[in-house]
Amino acid sequence: MRSGIEKKKARWGWFFVLPAIAYFSIFSFYPIANAFHTSLYRWNLLSLNPPRFVWFENYLRLFQSEVFWNSVKATAIFTVGTFVSLLIGSLALSILIFSRKRFRSFFQMALYSPAVLSTVVAATIWLLILDPRGLGNTWMNALMGTSGKDYQWFANPDMSRISTILIYFWKYIGHFTILFIAGLSSIPNTILEAATIDGAGSWKKYWRITFPLLKPTVVLVCVLSLIQCMKSFSTQYLFVQSGAPKAPIDVLTLNIYNTAIRDHQIGRASAISVILFLTLILFSWAQLKLGRSEEVSFQ
Amino acid sequence: MSRTDYPWKRTARSLRGIIFDVILLMILIVVLVPLVFMISASFMESKEVLTMPYRWIPSAFHWENYAQAIQGNDQKYYYARNIFNSLLVAITVTLSNCLFAAMTGFGLAKYRFFGRKIVLLLVMATMMIPFETIMIPLYMLVNNFGWQDSYMGLIMPFLVNAFGIFMMRQYLLTFPEDLLDAARIDGLNELAIFIRVVIPNSIPAMTALGILTFRSQWDSMLWPLLITQSEEMKTIPLYIVKFTTEKYTNEGALMAAAVIASIPLFIVFFSLAKYFIQSSSVFSGSKG
Chain A
1 MRSGIEKKKA
11 RWGWFFVLPA
21 IAYFSIFSFY
31 PIANAFHTSL
41 YRWNLLSLNP
51 PRFVWFENYL
61 RLFQSEVFWN
71 SVKATAIFTV
81 GTFVSLLIGS
91 LALSILIFSR
101 KRFRSFFQMA
111 LYSPAVLSTV
121 VAATIWLLIL
131 DPRGLGNTWM
141 NALMGTSGKD
151 YQWFANPDMS
161 RISTILIYFW
171 KYIGHFTILF
181 IAGLSSIPNT
191 ILEAATIDGA
201 GSWKKYWRIT
211 FPLLKPTVVL
221 VCVLSLIQCM
231 KSFSTQYLFV
241 QSGAPKAPID
251 VLTLNIYNTA
261 IRDHQIGRAS
271 AISVILFLTL
281 ILFSWAQLKL
291 GRSEEVSFQ
Chain B
1 MSRTDYPWKR
11 TARSLRGIIF
21 DVILLMILIV
31 VLVPLVFMIS
41 ASFMESKEVL
51 TMPYRWIPSA
61 FHWENYAQAI
71 QGNDQKYYYA
81 RNIFNSLLVA
91 ITVTLSNCLF
101 AAMTGFGLAK
111 YRFFGRKIVL
121 LLVMATMMIP
131 FETIMIPLYM
141 LVNNFGWQDS
151 YMGLIMPFLV
161 NAFGIFMMRQ
171 YLLTFPEDLL
181 DAARIDGLNE
191 LAIFIRVVIP
201 NSIPAMTALG
211 ILTFRSQWDS
221 MLWPLLITQS
231 EEMKTIPLYI
241 VKFTTEKYTN
251 EGALMAAAVI
261 ASIPLFIVFF
271 SLAKYFIQSS
281 SVFSGSKG
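In the order they appear, the protein sequences are chains A and B.
Its first residue numbered 1, the first sequence is counted upward by one per residue in our numbering.
Its first residue numbered 1, the second sequence is counted upward by one per residue in our numbering.
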């Protein structure tokens with residue numbers, strides 16, 4: 001009787017999970033397998049020749065291709081630039097906000113509001129601000145003490161990189177600040193009070209207690225922002241569409257898109273996808289690995 | 001009291017507090033300036049947007065910018081249709097995501113069946129597949145199904161999300177078993193239990209997941225770019241890119257289009273701020 005109920009329940013279990021598994025096999029597992037498979041073919045969508053199996057030729061060609069390495073460089077610069085500035089900025093801000101009891105939730109909400117916008121909208125606003133005649137130049141001139149100088153936010157290769165980083169920084173600073181504040185709130189007050197009684201000053205408290213205990217949050221934020229940045233597309237796409245030079249901001253996803261859709265080279269695009277996939281999976285794996293140690297016990 | 005409270009110390013502390021408040025307020029202003037710019041520019045004439053010094057309050061309110069944003073430069077009202085598309089896609093995907101996440105998460109959390117561990121492993125493996133890396137095969141697959149330039153093409157690849165399943169499973173692991181057993185004694189079958197007991201008790205988690213999904217769909221640009229060709233099938237981000245790059249676009253109207261695109265998210269943000277912020281601390285899934 002008992003085993004009968006268990007069997008019935010087991011069947012219900014399958015009933016609940018089966019649709020999702022069936023769905024994933026079509027829309028996730030098949031495509032990822034297909035990406036690996038396609039990356040071994042020379043395959044041009046417009047060519048009349050059938051796809052030709054070429055083993056790892058696509059990869060070899062990629063590793064010799066300047067365009068590919070340029071993409072890797074653009075992605076790396078964007079990712080590291082965004083990630084470092086976000087990490088430092090949001091950590092500092094969260095400590096600042098956390099030290100204030102008043103208005104804390106107001107500050108959080110207001111800082112978070114740029115993250116509510118969609119990426120394209122954020123990029124469009126900045127496109128106008130950074131226009132040669134726009135506010136960006138006015139501010140920079142006031143800040144730098146120059147007058148009437150055009151900082152070429154898009155035309156100059158280095159500046160266009162900085163502009164994309166700036167947009168991302170602006171959009172996500174509030175988001176990561178909130179993550180840090182959540183981390184800070186999880187540190188029990190008793191520990192900090194004990195340190196005060198032992199005579200620790202506020203800086204010492206930060207260095208010796210708050211930061212070490214905040215490490216799990218820092219790791220989480222690092223990995224999340226790294227992965228997020230490596231996949232960024234919209235801002236760079238909008239920039240290129242509105243006339244910025246492509247090379248400095250030709251990130252990997254933009255490269256995949258152009259290789260597949262504009263050049264119709266499906267095999268090559270799949271090879272880039274696989275490389276991106278392996279890189280991202282490395283980071284996700286690191287997150288899972290490090291996430292294990294995340295549950296710090298305060299007992 | 002462990003520390004002596006001299007009056008001067010208190011003053012110093014409150015002085016530092018005021019300085020901190022001022023610094024924070026300044027940072028806040030810097031962060032909010034682009035948002036204010038978007039709103040004020042959306043009422044300005046084209047010329048005024050790029051006239052320095054910038055007038056933060058428009059000299060006259062040009063509401064026609066909004067009309068122009070919706071009409072488009074070609075007077076064909078594609079933006080209205082594209083807003084409808086974005087809403088339809090985002091709402092459908094959100095509802096289906098929540099439903100399937102709760103259902104699969106429930107199955108994984110509360111039933112012991114042969115192969116359950118493997119299923120959980122598969123779900124976690126799916127979580128690890130970033131959408132950007134499978135978009136090309138997915139694009140060819142969807143083309144083979146004949147879904148190019150259609151709602152099916154826009155919606156189908158996002159109906160179920162592994163991250164959502166994982167999140168709901170974690171949530172439902174602690175769901176009280178007694179409640180389920182009580183429902184069983186009342187003669188409900190498992191499906192009815194799911195619909196009438198589990199779902200009503202999972203609304204907070206599903207709301208957070210729903211907001212997360214809605215946002216990522218609203219933001220999504222890469223997939224619509226691949227899958228749509230006609231102006232009628234495009235979504236908001238694509239329209240904004242197109243509007244930006246058109247030669248005769250009036251800057252004020254462009255910002256009006258941006259404001260319109262942001263309204264739904266800000267409504268959700270202000271009405272469900274708690275869930276909104278909660279959902280951002282559980283981070284985005286693999287797709288979108």
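Do not take every clue at face value.
Stated by the list, open to error - List of simulated lysine-lysine pairs, PhoX-like, C-alpha gap at most 20 Å:
#1 Lys-101/A x Lys-274/B
#2 Lys-274/B x Lys-47/B
#3 Lys-274/B x Lys-289/A
#4 Lys-215/A x Lys-101/A
#5 Lys-205/A x Lys-215/A
#6 Lys-47/B x Lys-246/A
Simulated from the structure, these hints should not be mistaken for laboratory data.
These numbers were taken from a predicted model, which means no experiment stands behind them.
Against the structure, the hints come out as follows:
1. Lys-101/A x Lys-274/B: 18 Å, holds
2. Lys-274/B x Lys-47/B: Distance of about 40 Å is beyond 20 Å: violated.
3. Lys-274/B x Lys-289/A: Not satisfied, since the Cα-Cα distance of roughly 29 Å exceeds 20 Å.
4. Lys-215/A x Lys-101/A: 23 Å, violated
5. Lys-205/A x Lys-215/A: 15 Å, holds
6. Lys-47/B x Lys-246/A: 28 Å, violated
The structure shown violates the earlier hints numbered 2, 3, 4 and 6.
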